[in-house]
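Assemble the whole structure, with the sequences as input and the hints as a guide.
First to last, the protein sequences are chains A and B.
Using the numbering used here, you'd call the opening residue of the first sequence number 1 and step up by one each time.
Using the numbering used here, you'd call the opening residue of the second sequence number 1 and step up by one each time.
Hints are computed from structural coordinates only; laboratory data are not their basis.
Take these hints with a grain of salt, some might be off.
[Claimed, not checked] Using 20 Å as the maximum straight-line C-alpha spacing, the simulated SDA-like pairs for lysine to any residue come out as follows:
hint: 1; chain 1: B; residue 1: K44; chain 2: A; residue 2: S98
hint: 2; chain 1: B; residue 1: K96; chain 2: A; residue 2: S31
hint: 3; chain 1: B; residue 1: K44; chain 2: A; residue 2: A101
hint: 4; chain 1: A; residue 1: K57; chain 2: B; residue 2: N100
hint: 5; chain 1: B; residue 1: K95; chain 2: A; residue 2: V50
hint: 6; chain 1: B; residue 1: K44; chain 2: A; residue 2: L46
hint: 7; chain 1: A; residue 1: K70; chain 2: A; residue 2: K96
No experiment lies behind these values; they were computed from the predicted model shown.
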Amino acid sequence: TQLLEQSPQFLSIQEGENLTVYCNSSSVFSSLQWYRQEPGEGPVLLVTVVTGGEVKKLKRLTFQFGDARKDSSLHITAAQTGDTGLYLCAGERDYKLSFGAGTTVTVRA
Amino acid sequence: EAGVAQSPRYKIIEKRQSVAFWCNPISGHATLYWYQQILGQGPKLLIQFQNNGVVDDSQLPKDRFSAERLKGVDSTLKIQPAKLEDSAVYLCASKKSGTNYEQYFGPGTRLTVT
Numbered sequence: 001t002q003l004l005e006q007s008p009q010f011l012s013i014q015e016g017e018n019l020t021v022y023c024n025s026s027s028v029f030s031s032l033q034w035y036r037q038e039p040g041e042g043p044v045l046l047v048t049v050v051t052g053g054e055v056k057k058l059k060r061l062t063f064q065f066g067d068a069r070k071d072s073s074l075h076i077t078a079a080q081t082g083d084t085g086l087y088l089c090a091g092e093r094d095y096k097l098s099f100g101a102g103t104t105v106t107v108r109a
Numbered sequence: 001e002a003g004v005a006q007s008p009r010y011k012i013i014e015k016r017q018s019v020a021f022w023c024n025p026i027s028g029h030a031t032l033y034w035y036q037q038i039l040g041q042g043p044k045l046l047i048q049f050q051n052n053g054v055v056d057d058s059q060l061p062k063d064r065f066s067a068e069r070l071k072g073v074d075s076t077l078k079i080q081p082a083k084l085e086d087s088a089v090y091l092c093a094s095k096k097s098g099t100n101y102e103q104y105f106g107p108g109t110r111l112t113v114t
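Structure representation (structure tokens):
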């Protein structure tokens with residue numbers, strides 16, 4: 001059983017559209033991290049959010065940490081084919097990460 | 001700076017056989033992790049080392065899995081005997097000691113048990 005629930009599990013959109021991926025848990029974490037993983041590679045860190053209510057923006061990606069530090073969302077504006085990949089959220093507690101099952105995002109040209 | 005190295009990249013074995021995976025972390029990274037990622041799931045922590053000592057191995061199936069990190073650098077993860085449900089990608093990650101440091105993942109070893 002995953003401590004973190006991600007939704008949706010799969011997402012297929014057209015290039016230029018927007019998308020949002022959600023990460024929910026009943027547990028409180030000291031930080032929440034988002035990773036992207038491509039086939040045959042390990043996860044690569046995109047962002048770490050620490051403070052409840054925190055919003056971070058990286059170009060077309062917007063990350064939000066819930067006020068209670070239990071949930072998070074990732075929003076991509078004007079998706080590009082290069083955004084295709086598996087997006088994983090991970091909650092940190094006691095220097096250990098618990099991962100969600102991931103959302104597979106496919107951006108069609 | 002070289003990343004986390006893992007070998008082999010792929011391994012196919014029959015059930016009840018043994019297998020070993022190797023990880024070379026980023027130079028200077030004292031903390032090393034082994035994760036198991038089953039298809040369709042996120043990585044699950046198996047064991048965490050701080051230098052050559054085990055910090056957490058609570059999710060390591062110790063009846064068949066073992067890991068060591070001699071001299072606090074390279075690490076090996078072994079499975080003996082393997083079961084069908086061990087088919088997964090085994091990821092190694094490393095980070096500097098202390099808070100606010102990022103974990104860097106290797107490319108993983110894809111294990112298929114037939």
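**Request:** List in ascending order the numbers of the hints, as given earlier, that are violated by the structure.
**Result:** Violated hints: none; all satisfied.
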